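Could you build the full structure based on these sequences and the hints that come with them?
There are 2 protein chains.
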Amino acid sequence: MAVNSPVPVPSDLKAVAGIELGHAEAGIRKAGRKDLLVMRLAASATVSGVFTKNRFCAAPVQLCKEHLGKRVTGKPIRALVVNTGNANAGTGESGLANARATCAALADLLQCDPAQVLPFSTGVILEPLPVERLQAGLPQAVANLRTDNWFNAAMSIMTTDTQPKAASRQIQINGQTVTLTGISKGAGMIKPNMATMLGYLATDAKVAQPVLDDMLKYVADRSFNCISIDGDTSTNDSFMLIATGAAPVNITSSDSAEYKLLLDAVLDLAQQLAQAIVRDGEGATKFITVTVEEGRDVDECRKIAYSIAHSPLVKTAFFASDPNLGRILAAIGYAGVDDLDVSKLDLYLDDVWVARNGGRNPDYQEADGQRVMKNSEITVRVKLGRGAAVATIWTCDLSHEYVTINADYRS
Amino acid sequence: MAVNSPVPVPSDLKAVAGIELGHAEAGIRKAGRKDLLVMRLAASATVSGVFTKNRFCAAPVQLCKEHLGKRVTGKPIRALVVNTGNANAGTGESGLANARATCAALADLLQCDPAQVLPFSTGVILEPLPVERLQAGLPQAVANLRTDNWFNAAMSIMTTDTQPKAASRQIQINGQTVTLTGISKGAGMIKPNMATMLGYLATDAKVAQPVLDDMLKYVADRSFNCISIDGDTSTNDSFMLIATGAAPVNITSSDSAEYKLLLDAVLDLAQQLAQAIVRDGEGATKFITVTVEEGRDVDECRKIAYSIAHSPLVKTAFFASDPNLGRILAAIGYAGVDDLDVSKLDLYLDDVWVARNGGRNPDYQEADGQRVMKNSEITVRVKLGRGAAVATIWTCDLSHEYVTINADYRS
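Heads up: the sequence lines are chains C and F, in that order. Quick note on numbering: the first sequence equals residues 3 to 413 in the working numbering. Quick note on numbering: the second sequence equals residues 3 to 413 in the working numbering.
Note that these hints are calculated values from the structure, not bench results. It should be emphasised that the depicted structure is a prediction, and the values quoted were computed from it without experimental measurement. Where a beta carbon is used, it is the ideal one built from N, C-alpha and C, also for glycine. Just to be clear, a hint being listed does not mean it is correct.
Below, simulated DSSO-like cross-link-like pairs (lysine-lysine); rule was C-alpha separation at most 30 Å, straight line [stated by the list, open to error]:
1. C:Lys346 x F:Lys55
2. C:Lys55 x C:Lys67
3. F:Lys346 x C:Lys55
4. C:Lys36 x C:Lys16
5. F:Lys376 x F:Lys305
6. C:Lys32 x F:Lys376
7. F:Lys346 x C:Lys67
8. C:Lys305 x F:Lys67
The calculated label-pair distances, taken between Cβ atoms and stated as ranges, are [stated by the list, open to error]:
9. C:Pro8 x F:Glu379: 42 to 50 Å
10. F:Asn6 x C:Pro364: 41 to 49 Å
11. F:Glu379 x C:Glu27: 41 to 49 Å
12. F:Arg35 x C:Glu368: 18 to 26 Å
13. F:Leu111 x C:Glu368: 32 to 40 Å
14. F:Val300 x C:Arg298: 28 to 36 Å
Set out below in structure tokens:
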């Protein structure tokens, strides 16, 4: 059960003109489940993506980068294909060949060039991709292509997720309605620089390529790059921003008011989709926001926030609703900020002032800590007292269920 | 139950001339358990120590550093005092005052200067130290001082440990018997740069202070600084090497054959005591050795080894005996070695060659991986193919029991 995250229903999800989605049951790992998704884009679409920094990045990630690098006028990206059940990572040259064969097969069906297709995979690492089953499923996915198919799309990219993750927004720009819909997946192996996390966010606005690239980077650093479940960074993480150009709104500069309107809506939706992953974190019972303030720079704030968010001791204390808050101080202390003066540091748990000048706040009562720890959503706030930088990370607790899920994932 | 780690019996543990140990039940956190230890040293003893690098280092750690810094001829360290049940960390100025008061009280009883006493604490962080109870327990501990009291000493520093950790060695140097006995504690919040880990290793050899300092650093970097249970680095970690000078063996230079003989024995014993902590890791069911070879430098080998050792996904796979070994590749990939060429990388699990040139070894059979994963002791060996540096880390798996212990630690 995800933490305070209602399951979307199909009617919540608005079609985005210029993008069609088709799902299939290809039996990639197990029969009888949606495990293949094709997205077809209008010729007017621009696409921008960020990917895992894991050195073992998967074959499809390598190919995405190659195909995005090849875009030239007249050969825009026309399709994305996603499979679950197999990550096609740690698979060497044959993995790359399989990813190429996947693109070629879909390009054949859609009458485009293989370099106009972006492939994505998620699932088990170090296993050969069953590319024949994947290819055999493509015609079914293409036959299913519809603009109002976002709910099935969200279903078809799930792995250990307990629920599909999808949401829509509509905003007005220059009197025109602009629609945004996104889907995401991921529940484990989630950390900084992306996760076993896939995110696809599409709008029907027209956005020039360099402007879309700017927007993607800004948004990723404030959404999908701010979540952590277990500190593991996947080989396959990808977040794609798609502007189909089907609506009569054309954004050509990052300095425009139109850009700002769209950016706010994209960021809001991306944060919801990113947080949905944490709320559905493997075994999660609590949603934790960690905010580190008054740092010298964002980097040190993020270091400390992640140190707290990754500490198994902090995470099990949240699971137990036990205000064993010294564990948070310990995690701050080993975060690697070597010149940190702890005597300037304050710690709050929601509204409760726990530590003051690096020691226990004399007014702190354990009963107050206990009250907050019982909540399903908790904010940890650290003030470093040495600057004006701020960073926020979203994470969850560490429960028995996490161990159960990850000890049994393949069985 | 610790992994392949028989409980020592009192008769295993040799007295070390020049050091007496006395325990007490001071009721610091709970009544009826040994929670206080005093060690009294001969006037001829030299002492060397390494401590946590956590910025929230505990008050006793701060005081240890101060007192070790104050040593001058005629005022050697004469006693160590250790309490469990409270870490006296995150306690600010009053915590430091309490640690000073502890030293003063013991100095009074032993007729020495407070600066000749080193204090140590382990337990819950962010709680005031009940210094009156500690002081009230000191006379009982002093009354118990005996050279053959190592077993009780090991018992009295336990926290979530399931068994005492202690061992002895005897070696011959220049025809003289030299004895070494050590104790350690710790089972959680264990990572690099020490752990909620206390280690005390004493020998009756006489070792000049600068020589002992060299020996300590060499040994710590190859024993207590090579273990990880959960990636949390405690506020209180300390490893102390004591040479009482009571035996007729005098080591005055790091270049001597005598030094080498003693060093080997100290390292061997320190590794056993450090590994005993991992074997007794909270909830541990497996003992894992991670060796990274062929690196450019030791630092990058350690980075990768720790990335594997800290990955919750890798650790749960070990717990489940599931050869989901792609998780190890993912952990290598996000270790932060940014120019790593994974196409040169090989991975072995014991004798099984799992990955070759960055991809699945074509000869690898899952049955072979499964066979190894069922063992209670497993070696993960990574060859980076880019140099001659090596690093080894010892760790354990992540089980349901870990969550149970840490969700319930204070209750």
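Cross-check of the supplied hints:
no.	hint	result
1	C:Lys346 x F:Lys55	holds, 18 Å
2	C:Lys55 x C:Lys67	holds, 12 Å
3	F:Lys346 x C:Lys55	holds, 18 Å
4	C:Lys36 x C:Lys16	holds, 21 Å
5	F:Lys376 x F:Lys305	holds, 26 Å
6	C:Lys32 x F:Lys376	holds, 26 Å
7	F:Lys346 x C:Lys67	holds, 22 Å
8	C:Lys305 x F:Lys67	holds, 27 Å
9	C:Pro8 x F:Glu379: 42 to 50 Å	holds, 47 Å
10	F:Asn6 x C:Pro364: 41 to 49 Å	holds, 47 Å
11	F:Glu379 x C:Glu27: 41 to 49 Å	holds, 43 Å
12	F:Arg35 x C:Glu368: 18 to 26 Å	holds, 22 Å
13	F:Leu111 x C:Glu368: 32 to 40 Å	holds, 34 Å
14	F:Val300 x C:Arg298: 28 to 36 Å	holds, 30 Å
Checked against the numbered hints listed earlier, the structure breaks none of them; every hint is satisfied.
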